[in-house]
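Chemist: Listed below, chain by chain, are the residues.
2 protein chains.
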Amino acid sequence: MTELAFQDFYPESLDHCYGCGRMNELGHQIKSYWEGDESVCHFQPQPYHIAIPGYVYGGLLASLIDCHGTGTAAAAGYRAENRAMDTEPALRYLTASLHVDYLKPTPLGPVLEIRARVKEVKGRKVVIEEWIVVNGVTTVKGEVVAVQVPDELVRELLEKGG
Amino acid sequence: MTELAFQDFYPESLDHCYGCGRMNELGHQIKSYWEGDESVCHFQPQPYHIAIPGYVYGGLLASLIDCHGTGTAAAAGYRAENRAMDTEPALRYLTASLHVDYLKPTPLGPVLEIRARVKEVKGRKVVIEEWIVVNGVTTVKGEVVAVQVPDELVRELLEKGG
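Those sequence lines, one after another, are chains A and B. Quick note on the working numbering: the first sequence kicks off at 81 and runs consecutively. Quick note on the working numbering: the second sequence kicks off at 81 and runs consecutively.
Incorrect hints may have been included.
Same chains, same names: a pair is fine if it fits in one copy or spans any two.
BS3-like mimics (lysine-lysine), calculated; alpha carbons at most 25 Å apart, straight line [claimed, not checked]: (1) K205 - K111; (2) K205 - K221; (3) K221 - K202; (4) K221 - K199; (5) K199 - K184; (6) K184 - K205; (7) K111 - K221; (8) K184 - K202; (9) K199 - K111.
Source of the hints: derived by calculation from the structure; they are not laboratory data.
Isolated chain A, as found in the complex (with noise of 0.2 Å):
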């Protein structure tokens, strides 16, 4: 896919997340995208991200809902803005509460998709409604309430530079 994610217009000084931040060598690097009015992320667990044997580490499932839900948020921000992520200022957002239901246990082995929607944006906090499936089911709901970073600290962090 040549289509660039939510997480590529992270500016460099705000992309250390290890959930999301390509400067985190460590970390999920995981990558969202649009699909018409649902953002979309898909994630390979690795065999140590277990819970009980079978079962993906629900540790790991919040993790993916709180990150694809802060990159749609932003995402969303400059489409309510109707600019593209790559024009100023940049936009990040941080998570003020996660909630996440697991519905049935998330099988270790396929590949999860994650699924958001945006429910309501209201000034500088966007709720995200999530879900994660696995082979054709969703094993987990989740829901995100992100409130964008203060412009002094985007300006502060860029300022350190990356």
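Here the structure of chain A is known, so what remains is to put chain B in place on it, guided by the hints.
Modeler: Relative to the frame of chain A, chain B by itself:
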């Protein structure tokens, strides 16, 4: 500390979890203990557990809330039955739902203290409320609804071996 942690009593075949399993060499291997009616766990984040520079990755904090919660649920289950954690049958809990409120950014560097209290026990379901303290400040609050793993599944996994 020579006292055994909640997680040290997990049966080997249920002890692979990335967050809390002794058998997972690549995982967090958290250790939780009672302190009166509260349980406590200390965790040292690594430099790569970063969100934005200077702050801990929210997915890690969610994971710690998750696994310290299910550990505390197990310990509470034994307490409710007035028996030690090395007695049979083994009790093991999975997360049904997880909620995390990020009250303020969690500084990356100091050891984190994750604390929990049993809020409700209802049959096989235990609700655990939690909070994370750094340098004396509570930065995260969370709640885990944990459900006891069905006996058949415990038996099946025990028969498969570790």
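Chemist: Work down the list of hints and note, for each, if the structure agrees.
Modeler: Hints versus structure:
Taking the shortest alpha-carbon separations for K205 and K111, only the intra-copy value of 22 Å comes in at or below 25 Å, while the best inter-copy value is 36 Å. Proximity of K205 and K221 under a CA criterion of 25 Å is satisfied in both settings, with 20 Å inside one chain copy and 19 Å between copies. When the C-alpha separation of K221 and K202 is checked against a cutoff of 25 Å, the pair qualifies both within a copy, at 22 Å, and between copies, at 23 Å. For a Cα distance limit of 25 Å, the shortest separation of K221 from K199 qualifies both inside one copy, at 14 Å, and across copies, at 23 Å.
Taking the shortest Cα distances, K199 and K184 sit within 25 Å of each other both inside one copy (23 Å) and across copies (23 Å). Only between protomers do K184 and K205 lie at most 25 Å apart by alpha-carbon distance; the minimum there is 15 Å, versus 30 Å within a single protomer. In this homomeric assembly, K111 and K221 come within 25 Å of each other (Cα to Cα) only inside a single copy, at 19 Å, whereas the closest approach across copies is 28 Å. With identical chains, the CA atoms of K184 and K202 are at most 25 Å apart between copies only, with a shortest distance of 20 Å across copies and 32 Å within one.
In the homo-oligomer, the alpha carbons of K199 and K111 lie at most 25 Å apart inside one protomer (21 Å), although the nearest pairing across protomers, at 37 Å, exceeds that limit.
When each numbered hint is compared with the structure, no violation occurs for any of them.
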